[in-house]
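Please build the complex by placing chains B and C on the supplied structure of chain A, with the hints as guidance.
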Amino acid sequence: MYARTIPIVPAAHTGKDASFEYLTTRKDELIGWARKFSIFPYPFVTACCAMEFMAVSASPYDTDRFGAALPRFSPRQADLLMVVGTVTHKQAPILLKVYEQMCEPKWVMAFGVCASSGGFYQNYAALPGIDKIVPVDVYIPGCPPRPEMVIDGIMQLQDKIARSSHPIITKTF
Amino acid sequence: MDTPLPNPVRSIFEKSLRDDSVIVNIGPSHPATHGTVQIIAELDGERVLRTDVHCGYLHRGFEKECEDHTWHNLIPYVDRLNYVSALINDFAYCDGVEQLMGIQITPRCRYLRTLLSEYSRLVDHLTCLAAGLMELGAMTAFLYLVMIRDYMYEHLAALTGARVTYTYGRIGGLARDLPEGWLTRLEEIFVQYEDFVARVHALVDRNRIFIDRMRDVGVISTADALSYGYTGVILRSTGVPRDLRKDTPYLAYSELDFDVPVGIKGDNYDRYFVRMREMDESIYMMRQLMDMLPDGPINVDDRRCSFPDKPLVYSEIESLINHFKLVMDGPNVPAGEAYSAHESPNGELGFYLVSTGSGTPYKVHCRAPSFVHMGGAHLMLNGYQLADIVPTFGSINMIGGECDR
Amino acid sequence: MTSPLFETLQQELVPAAGPATLSHGILVFVLEPTELLPAVQRLQREFAFDIFLDVTAVDWIGQLPRFEVVYHFYSTMHRVRVRLKTRVGEADPGVDSLVPLYGSAAFMERECHDMYGIRFRGNDDLRPILLYEGFVGHPLRKDYPKQQEQPLVPYRS
Chain A
1 MYARTIPIVP AAHTGKDASF EYLTTRKDEL IGWARKFSIF PYPFVTACCA MEFMAVSASP
61 YDTDRFGAAL PRFSPRQADL LMVVGTVTHK QAPILLKVYE QMCEPKWVMA FGVCASSGGF
121 YQNYAALPGI DKIVPVDVYI PGCPPRPEMV IDGIMQLQDK IARSSHPIIT KTF
Chain B
1001 MDTPLPNPVR SIFEKSLRDD SVIVNIGPSH PATHGTVQII AELDGERVLR TDVHCGYLHR
1061 GFEKECEDHT WHNLIPYVDR LNYVSALIND FAYCDGVEQL MGIQITPRCR YLRTLLSEYS
1121 RLVDHLTCLA AGLMELGAMT AFLYLVMIRD YMYEHLAALT GARVTYTYGR IGGLARDLPE
1181 GWLTRLEEIF VQYEDFVARV HALVDRNRIF IDRMRDVGVI STADALSYGY TGVILRSTGV
1241 PRDLRKDTPY LAYSELDFDV PVGIKGDNYD RYFVRMREMD ESIYMMRQLM DMLPDGPINV
1301 DDRRCSFPDK PLVYSEIESL INHFKLVMDG PNVPAGEAYS AHESPNGELG FYLVSTGSGT
1361 PYKVHCRAPS FVHMGGAHLM LNGYQLADIV PTFGSINMIG GECDR
Chain C
2001 MTSPLFETLQ QELVPAAGPA TLSHGILVFV LEPTELLPAV QRLQREFAFD IFLDVTAVDW
2061 IGQLPRFEVV YHFYSTMHRV RVRLKTRVGE ADPGVDSLVP LYGSAAFMER ECHDMYGIRF
2121 RGNDDLRPIL LYEGFVGHPL RKDYPKQQEQ PLVPYRS
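Residue numbers (our numbering), protein chains in the order written: chain A, 1 to 173; chain B, 1001 to 1405; chain C, 2001 to 2157.
Note that these hints are calculated values from the structure, not bench results. Possibly wrong hints are sitting among the right ones.
[Claimed, not checked] Here are some chain B residues pointing at chain A (derived, C-beta under 8 Å):
| id | residue |
| --- | --- |
| 1 | P1031 |
| 2 | T1036 |
| 3 | Y1057 |
| 4 | G1061 |
| 5 | K1064 |
| 6 | R1080 |
| 7 | L1143 |
| 8 | V1146 |
| 9 | R1163 |
| 10 | V1164 |
Cβ coordinates follow ideal geometry from the N, Cα and C atoms, glycine included.
Okay, chain A solo, but in the shape it has when bound (with noise of 0.2 Å):
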């Protein structure tokens, strides 16, 4: 991963101090580099994607370089909801209650294209998407993609989680 450097805006652009802008926006290139290489998933398994999940997180495609290797099976404990494999409507209030579980920061990984739009299941009884009840910020195609594939989206979801905002307080806290 190479390092951006984000510029700094002129202090009569925002009203602000310039210096605090410079230290803001250090402390976010800092809090998100910590966050981005302590991934704790929630890997929410439920169909044939959990044969790639267990291929990515074991040897030779190990998730561990990534940091994201140790799985928290506790929504409360975790910041990265991977929804691998269908949803079914059955199966969406245990979704949406894990989701509601989990702290801020989090983020929602939907893997495989079951859990991104349904799949080809589309019935009676699959759920036609993750972000049909939960705000999704990764989406990886593929029945089930391929190791290197879901190795990519969290390269993505890092590149991510650097680039965004991360406020100590927020309005919620």
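Okay, now just chains B and C, sitting in the frame of chain A:
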């Protein structure tokens, strides 16, 4: 949340049996229930008094989808039933349709299907053992088994194009023939497999902790197993040597020399060992099949189901129309019904097909061993400790796609 | 492949029901719903059909009676399979439950009830197993549209 989320299931426990017992919900999003099973357990301290097993969280409407697709188009759905051993589902389904159409597959296809069925059985047992051992804490064994499984996935990807769900079976044959050097690589994988599995045996077989956790845990008797419809590894672990490959041979199994491993007591340790021995038997069978594999065409030369070669489709009008009809309408399967059962790693996997003579099926029903096994799971869970639910459930090898279809 | 057991079954099991047919190696009997439970009891006790493989239904919409309930049994001793079929109508789709005979009947009858609405008399636990509480209708019936979803959680806008 202002309004509570709806509860998709209703427990059969109205009130607890005793004053001091507690009713606990395990799953359905739980690492040890393999994703999609909910167990509502009544506990007295750590001891399980009774359980109520709820499956169905992965019901994806397989049968309803099949009624909308042609006989060929639904092979991907069939694949995703038992997604750890996807090829066996393909071949069992194609066998059913071939029975309805009265087609005899070619000898090369028969031997190749047998070889790939045994390969899938190997992958399934590796996955089951890896997951089970990881849940007990044996992370090293998990990594060894998943490493060799990964070699097999890459090898199957060289043949079929996909790692996990292959869609390789076709009605009347297979999608394509073996590429160059595939059998050589298979021999190399056998050697690597023996190395990895020897290490797992050394780590686990006589390990005091493993034996204490698995021996005499999750015991099921033969009478209970037969009454609750158990087939496959669980029935064999109780001591009954019933195996569809020997009892009602199909494909090329009647020509192979293999043993059927059985257990003694029907507990978790027996199931672990039966699976380990079955993997060795599968390797032995595959070595025999590699020697027996004849040359010849893969697909039967029958216009009703086999796709014509692409050069012919582009040059002759008859092949073009044949191809068009097969893709748009599907193969015309004569009216009737058939039930074809294969020995999947979990037990008897059956497909009940009903046709009314058109290119789309009237009904495709899958007799899933995992679903039937869930019906008797409470026998193996009641009376043991809460922590025993994890290895027992792992040794039942419930595959969600097959259980809920 | 016929087995000597098939001739015995054909003569002795349900002689009043008419000739049994052989369908790809499986002997098929078509019975009345009232003859079902005694026939299964005889299969289990006298002819050693110890594994109850499957119960499912076929929806012949447009025909009367509408549903055809199909049972499969396997004998580990004789190594053969048998199929029993019976027809029930839409107004009263009820058959006798096999729960007193086989433990595996519990889950399989729940699934058949879920998908087709067949009532199994004697099985008092017919809760939804593959579907969920609050699902209205029986999806595998031919008049249930495939894409009619009944979401439990309202969709985000």
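For each hint, the structure was consulted:
Among the interface hints, the one on P1031 (chain B) holds; its C-beta lies about 5 Å from the nearest C-beta in chain A, closer than the 8 Å criterion. Hint on T1036 (chain B) holds. Least Cβ distance to chain A is approximately 5 Å, under the 8 Å limit. Because the smallest distance between the Cβ of Y1057 (chain B) and any Cβ of chain A comes to about 5 Å, under 8 Å, the interface hint for this residue holds. For G1061 (chain B), the suggested interface contact is upheld, since its CB lies about 4 Å from the closest CB of chain A, less than 8 Å.
Given the 8 Å rule on beta carbons, the hint for K1064 (chain B) holds: about 5 Å separates it from the nearest Cβ of chain A. With its C-beta approaching chain A no nearer than about 6 Å, R1080 (chain B) sits inside the 8 Å limit, and its interface hint holds. The interface hint given for L1143 (chain B) is met, as the beta carbon of that residue sits about 5 Å from the closest beta carbon of chain A, less than 8 Å. Because the beta carbon of V1146 (chain B) sits about 4 Å from the nearest beta carbon in chain A, less than 8 Å, this interface hint is met.
Taking 8 Å as the C-beta cut-off, the interface hint given for R1163 (chain B) holds, the closest approach to chain A being about 7 Å. Against a cut-off of 8 Å between C-beta atoms, the interface hint on V1164 (chain B) holds, since the closest Cβ of chain A lies about 5 Å away.
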